[in-house]
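Asker: So the sequence lines, in the order shown, correspond to chains A and B.
Numbering-wise, the first sequence is residues 1 to 132 according to our numbering.
Numbering-wise, the second sequence is residues 1001 to 1142 according to our numbering.
To be clear, the hints were calculated from the coordinates, so they are not data collected in a lab.
Check each hint, because a few of them may be wrong.
[To be verified] Derived CB-CB ranges, DEER-like:
no.: 1; chain 1: A; residue 1: Ile49; chain 2: B; residue 2: Leu1022; range: 37 to 47 angstroms
no.: 2; chain 1: B; residue 1: Gly1061; chain 2: A; residue 2: Phe112; range: 51 to 61 angstroms
no.: 3; chain 1: A; residue 1: Ala116; chain 2: B; residue 2: Glu1108; range: 54 to 64 angstroms
no.: 4; chain 1: B; residue 1: Thr1030; chain 2: A; residue 2: Met13; range: 29 to 39 angstroms
no.: 5; chain 1: A; residue 1: Trp30; chain 2: B; residue 2: Val1080; range: 46 to 56 angstroms
[Unchecked claim] Computed footprint of chain A on chain B; a stretch qualifies when at least three of its residues, placed anywhere within it, have a C-beta under 8 angstroms from a C-beta of chain A:
no.: 6; stretch: 1016 to 1025
no.: 7; stretch: 1036 to 1043
no.: 8; stretch: 1051 to 1058
no.: 9; stretch: 1102 to 1115
We treat Cβ as the ideally placed atom computed from N, Cα and C, and that holds for glycine.
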Amino acid sequence: MIGERPNEMRTPMRRVRGLGAAHAGTKDFWHQRVTAVAGIPLTIAAVVIVIALLGRSHAAVVQILGSPIVAIIMLLFIINTAYHMWIGMQEIILDYVHEDKVKLATLMANTFFCFAVAFASAFAILKLSFGV
Amino acid sequence: MAELEAGATKGPQRPRPISPHLQIYRPMLTMMMSIVHRITGAALYFGMLLLAWWLIAAASGPNAYANVEWFMGSLIGRVVLFGYTWALIHHTLGGIRHLIWDTLHGLEPAERELLTLATIVGSVSLTLVIWIVGYMAMGGPR
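The following block holds chain A by itself, in its conformation from the complex (with noise of 0.2 angstroms):
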């Protein structure tokens, strides 16, 4: 890369300041950090409560999940795991798909499912808490 283009003023760190294949630098590095720590817990809580939800009716089933704890372990693991699985998804394709286009277009349809899978799940969890 260095050297392809001779009458390249900037410098290399010019260019590599804040950018990068997805044009955000060590952002995304440092946040999948950040949220696989957090997820070591999480994921941890989160298993302790479907196996504890196993087998239950229905009826304990939404008693227990709505009961504030739970539910406040159910939101984080859901939002940190989002947050996670959009980060790398986007290094996978990243890495993988080159054409600018279909770049763009899944880049676009992982933004899309990250965010309606957290959403919906943060929805059922909070409706279950707040009742009706």
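We have chain A; now place chain B onto it with these hints.
Answerer: Okay, now just chain B, sitting in the frame of chain A:
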């Protein structure tokens, strides 16, 4: 080879040398686990649909919830859930390994092999433990 010969006939415009890619290298555990980490991540990405379906069904009512329970209890549902459990545990353990490597620890040849082996052995064992505990919580297999 055909490309090479075709390129050779054009005189100076011979094909550029390319760097070795995946198929050149001998498969190693660290490399396989790196690939599996990405595959499990992508699988979990779509697996979140199952969690969303379960939550939405619970919020919708007893009938919708019964549908989810029927699917999760079916043979296909159990196989999918078992794979989901393993992928989740494996990706989590693989993530912890990567976080350790991020701190520049465990990168010596023997250490990284051990960490990688621990990921796969740990994920399989933990998945089995979780399913045994899960069946016990439900009062035995049914």
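Asker: Confirm or reject each hint.
Answerer: Tested hints:
no., hint, result
1, A/Ile49 x B/Leu1022: 37 to 47 angstroms, "holds (39 angstroms)"
2, B/Gly1061 x A/Phe112: 51 to 61 angstroms, "violated (27 angstroms)"
3, A/Ala116 x B/Glu1108: 54 to 64 angstroms, "violated (44 angstroms)"
4, B/Thr1030 x A/Met13: 29 to 39 angstroms, "holds (32 angstroms)"
5, A/Trp30 x B/Val1080: 46 to 56 angstroms, "violated (33 angstroms)"
6, 1016 to 1025, "violated (count 0)"
7, 1036 to 1043, "holds (count 3)"
8, 1051 to 1058, "holds (count 5)"
9, 1102 to 1115, "violated (count 1)"
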